[in-house]
Amino acid sequence: MKTHSGWIFHPTRTPQICIAQSTLRSAEGSSNPSPKLPPIKPEKETWSTINELLIRSYFQLLINYGNQGVVALVAPPFIRGDSQPQTNLLNRGCSQYNATNIADFFRNLNATFSDLRSQLSNGGGRRFATAQQERSSDPVYAMVQCRNYLSEPDCLACFDAAVSQIRNCSAANGARVIYDGCFLRYESNNFYDDTTLPGNIQICGNRTAPQPAAFGAAGQTLLTDLEVATPRINRYFAATRREVTVGGNLTIYGVAQCAETVTPSGCLDCLTVAHKNIQGCLPDADGRAIDAACFLRYSDTPFFADNQTVDITPFLRGEGDSSKKKAIIGGVVGGGGLVLILLAFFLWYKFSRKPKATLRGNILGATELQGPNIYSYKDLKAATNNFSEENKLGEGGFGDVYKATLKNGNIIAVKKLDISSGRAKADFETEVRLISNVHHRNLVRLLGYCSKGSELLLVYEYMANGSLDRFLYGDKRGALTWKQRYNIIFGTARGLAYLHEQYHECIIHRDIKPSNILLDDDFQTKIADFGLARLLPENQSHVSTKFAGTLGYTAPEYAIAGHLSEKVDTYSFGVVILEIISGRRSNDMNADSDTGFLLEEAWKLYETGMHLKLVDETLDSSDYTAEELKKLLEIALTCTQSPASSRPTMSEVLVMLLGDRSAEQKGPSKPSFSYGNRGFADTTTSNSTGSSTSNATASITQFTGR
1 MKTHSGWIFH
11 PTRTPQICIA
21 QSTLRSAEGS
31 SNPSPKLPPI
41 KPEKETWSTI
51 NELLIRSYFQ
61 LLINYGNQGV
71 VALVAPPFIR
81 GDSQPQTNLL
91 NRGCSQYNAT
101 NIADFFRNLN
111 ATFSDLRSQL
121 SNGGGRRFAT
131 AQQERSSDPV
141 YAMVQCRNYL
151 SEPDCLACFD
161 AAVSQIRNCS
171 AANGARVIYD
181 GCFLRYESNN
191 FYDDTTLPGN
201 IQICGNRTAP
211 QPAAFGAAGQ
221 TLLTDLEVAT
231 PRINRYFAAT
241 RREVTVGGNL
251 TIYGVAQCAE
261 TVTPSGCLDC
271 LTVAHKNIQG
281 CLPDADGRAI
291 DAACFLRYSD
301 TPFFADNQTV
311 DITPFLRGEG
321 DSSKKKAIIG
331 GVVGGGGLVL
341 ILLAFFLWYK
351 FSRKPKATLR
361 GNILGATELQ
371 GPNIYSYKDL
381 KAATNNFSEE
391 NKLGEGGFGD
401 VYKATLKNGN
411 IIAVKKLDIS
421 SGRAKADFET
431 EVRLISNVHH
441 RNLVRLLGYC
451 SKGSELLLVY
461 EYMANGSLDR
471 FLYGDKRGAL
481 TWKQRYNIIF
491 GTARGLAYLH
501 EQYHECIIHR
511 DIKPSNILLD
521 DDFQTKIADF
531 GLARLLPENQ
541 SHVSTKFAGT
551 LGYTAPEYAI
561 AGHLSEKVDT
571 YSFGVVILEI
581 ISGRRSNDMN
591 ADSDTGFLLE
601 EAWKLYETGM
611 HLKLVDETLD
621 SSDYTAEELK
631 KLLEIALTCT
641 QSPASSRPTM
651 SEVLVMLLGD
661 RSAEQKGPSK
671 PSFSYGNRGF
681 ADTTTSNSTG
691 SSTSNATASI
701 TQFTGR
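Under the UniProt record's numbering, the letters of the sequence shown match residues 1 to 706, in that order.
No incorrect hints appear here.
No farther apart than 30 angstroms at their CA atoms in a straight line, the calculated lysine-lysine pairs in the DSSO-like style are these: (1) K381 / K425; (2) K546 / K425; (3) K452 / K378; (4) K604 / K476; (5) K670 / K483; (6) K604 / K631; (7) K630 / K604; (8) K378 / K425; (9) K630 / K670; (10) K392 / K378; (11) K452 / K407; (12) K407 / K425; (13) K452 / K392; (14) K613 / K631.
Simulated DEER-style distance windows between Cβ atoms: (15) A214 / E628: 53 to 59 angstroms; (16) S669 / E628: 21 to 27 angstroms; (17) A382 / T263: 24 to 30 angstroms; (18) S669 / S118: 54 to 60 angstroms; (19) N307 / I419: 54 to 60 angstroms; (20) S645 / T545: 16 to 22 angstroms; (21) F106 / G280: 37 to 43 angstroms; (22) A103 / I560: 54 to 60 angstroms; (23) K407 / G124: 31 to 37 angstroms.
These are computed hints drawn from the structure, not numbers from a lab. Given the structure is predicted, the values throughout are model-derived calculations rather than measurements. Ideal Cβ positions, reconstructed from N, Cα and C, are used throughout, including at glycine.
Using the sequences plus the hints, can you model the full thing?
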């Protein structure tokens with residue numbers, strides 16, 4: 001446990017905000033509107049002082065993201081005892097970036113808010129709504145959700161309070177407000193499928209529940225059941241209660257809810273993280289967990305009516321299932337229903353064999369593939385014009401990528417894996433099993449797959465601008481501005497931070513490089529090609545495995561000793577920053593320098609204070625400052641330090657990119673290993689422009705110690 005400016009950091013739950021228990025206990029239920037943080041320098045801790053501390057605190061990154069930058073927390077998530085239950089403010093965040101056309105922005109914002117209120121007040125019982133105004137230089141996407149146990153008047157009252165509160169963000173191009181009874185969020189880009197993002201927090205109560213051991217055990221069971229059942233319930237809402245002790249003198253109440261725009265798997269992902277966060281509150285009498293797409297709460301005090309509970313039993317997988325079946329069968333036998341038994345057996349036999357028949361020729365069983373869509377080979381063949389050369393977007397070590405237009409007009413990217421490749425099947429299985437349920441704005445989405453005999457195809461969202469390498473040293477070289485390059489760096493860091501720290505399991509990409517970083521039509525970053533991705537067990541700092549990836553981007557401890565951790569991706573990210581700055585390949589053999597390799601030259605120029613020589617000559621020198629360049633260079637070099645423990649986490653990298661120089665003050669230290677002066681070239685090449693391809697595994701043949 002580490003402390004910093006009055007916050008408690010729990011590394012096992014990183015990143016999240018966990019308020020000191022003593023702080024919350026003094027705040028909740030108090031009539032004093034200015035609860036105090038633990039001792040810090042200011043003598044008077046007013047709300048403005050606390051806000052100032054929060055904005056410049058390390059945890060800027062842990063709040064919800066806007067389109068171009070992170071949202072800064074401007075109101076701390078304290079329980080306010082003087083508020084009405086449905087308008088008890090939990091969290092408010094505002095983007096650090098303002099809209100460009102203020103008049104258009106406010107016109108769009110007002111229109112979306114009006115639309116949201118109209119949807120909530122139409123008498124249809126809806127407690128969820130989205131609205132957007134897209135035809136503008138400053139589009140607005142908005143979402144509101146009330147807890148289903150609120151009446152329509154209470155829901156509207158909570159929405160009105162949220163609108164009033166969110167207007168304090170002025171012209172910020174993104175903001176969110178979360179109350180106990182509702183949440184309201186708007187952004188300048190479509191965020192409706194966001195599931196879990198930096199900013200997920202827990203808020204614990206101000207007292208310990210009676211009979212702590214029994215209450216804690218009952219709470220864990222209740223939260224687990226809510227996590228499992230809610231994604232299976234229509235509109236993703238569940239409210240339930242459990243007796244902690246026989247006789248009903250102690251009861252625990254729980255609610256779980258997800259945004260209706262996410263998928264069931266997205267809802268489960270969010271609630272899994274929320275459950276992990278909120279369980280740290282037990283055995284406190286109440287607790288809440290907040291995330292981008294879900295809300296989880298428990299309490300020993302009822303906060304919804306008995307007639308508003310949901311029977312979640314049918315949505316659970318439990319031991320009771322088999323006993324119920326036995327009871328039904330026994331009842332039928334006792335009643336002389338032998339015919340019904342025979343009929344039931346026939347139907348069971350028929351349908352239990354059906355999945356095997358329908359998946360004949362598929363290399364994977366039905367139980368192994370759940371979540372993504374299954375496309376027919378015939379449809380994909382037609383959509384790609386029989387995989388014609390005209391539709392080819394790129395090619396790589398494991399297969400080719402094609403642009404495809406479906407019958408409904410939707411454009412997708414189809415990766416046709418080369419089954420003759422030794423890793424093609426493994427690449428296919430990894431993407432389908434591991435990545436199909438991982439959703440984030442900076443990760444390319446796997447839409448589905450096709451497996452027909454020896455044909456293996458993966459279907460992705462289409463990325464109009466293709467891969468980053470085209471813009472750095474390909475046919476589009478020189479087209480990226482400094483601002484676009486910075487945003488690409490930030491988006492890549494954000495995607496990696498999600499994989500490493502925000503998804504409920506740590507995912508290591510293992511092949512971060514420009515050809516695996518794709519750009520949509522607005523040059524928003526999407527990390528692609530997860531064929532080499534690996535899970536890092538929660539209780540391990542690294543795993544030992546055979547090297548797989550691309551030389552020139554690989555950390556030395558992984559290339560030499562096979563030690564794989566999330567810091568391998570951090571190293572690759574540092575190399576990618578250097579390529580984005582310079583417009584050169586990391587293993588460029590034609591560089592006019594003593595070292596030849598980009599990382600070596602970057603260190604040399606940094607140490608001699610000549611880092612401006614590293615900049616891509618196609619960039620306009622008026623677009624950036626020497627200080628901005630030095631900042632990015634230091635971040636890149638810090639990411640490539642050795643040993644791996646000296647590299648920052650990707651969350652820490654985000655903080656650096658946002659301007660917190662505290663992690664950079666000591667300056668980067670030169671790594672102990674580097675590629676030899678004339679070492680290795682990239683083992684494979686890729687000119688992908690729509691989706692990305694994986695590279696074959698390679699072996700290390702030369703390293704030089706320093």
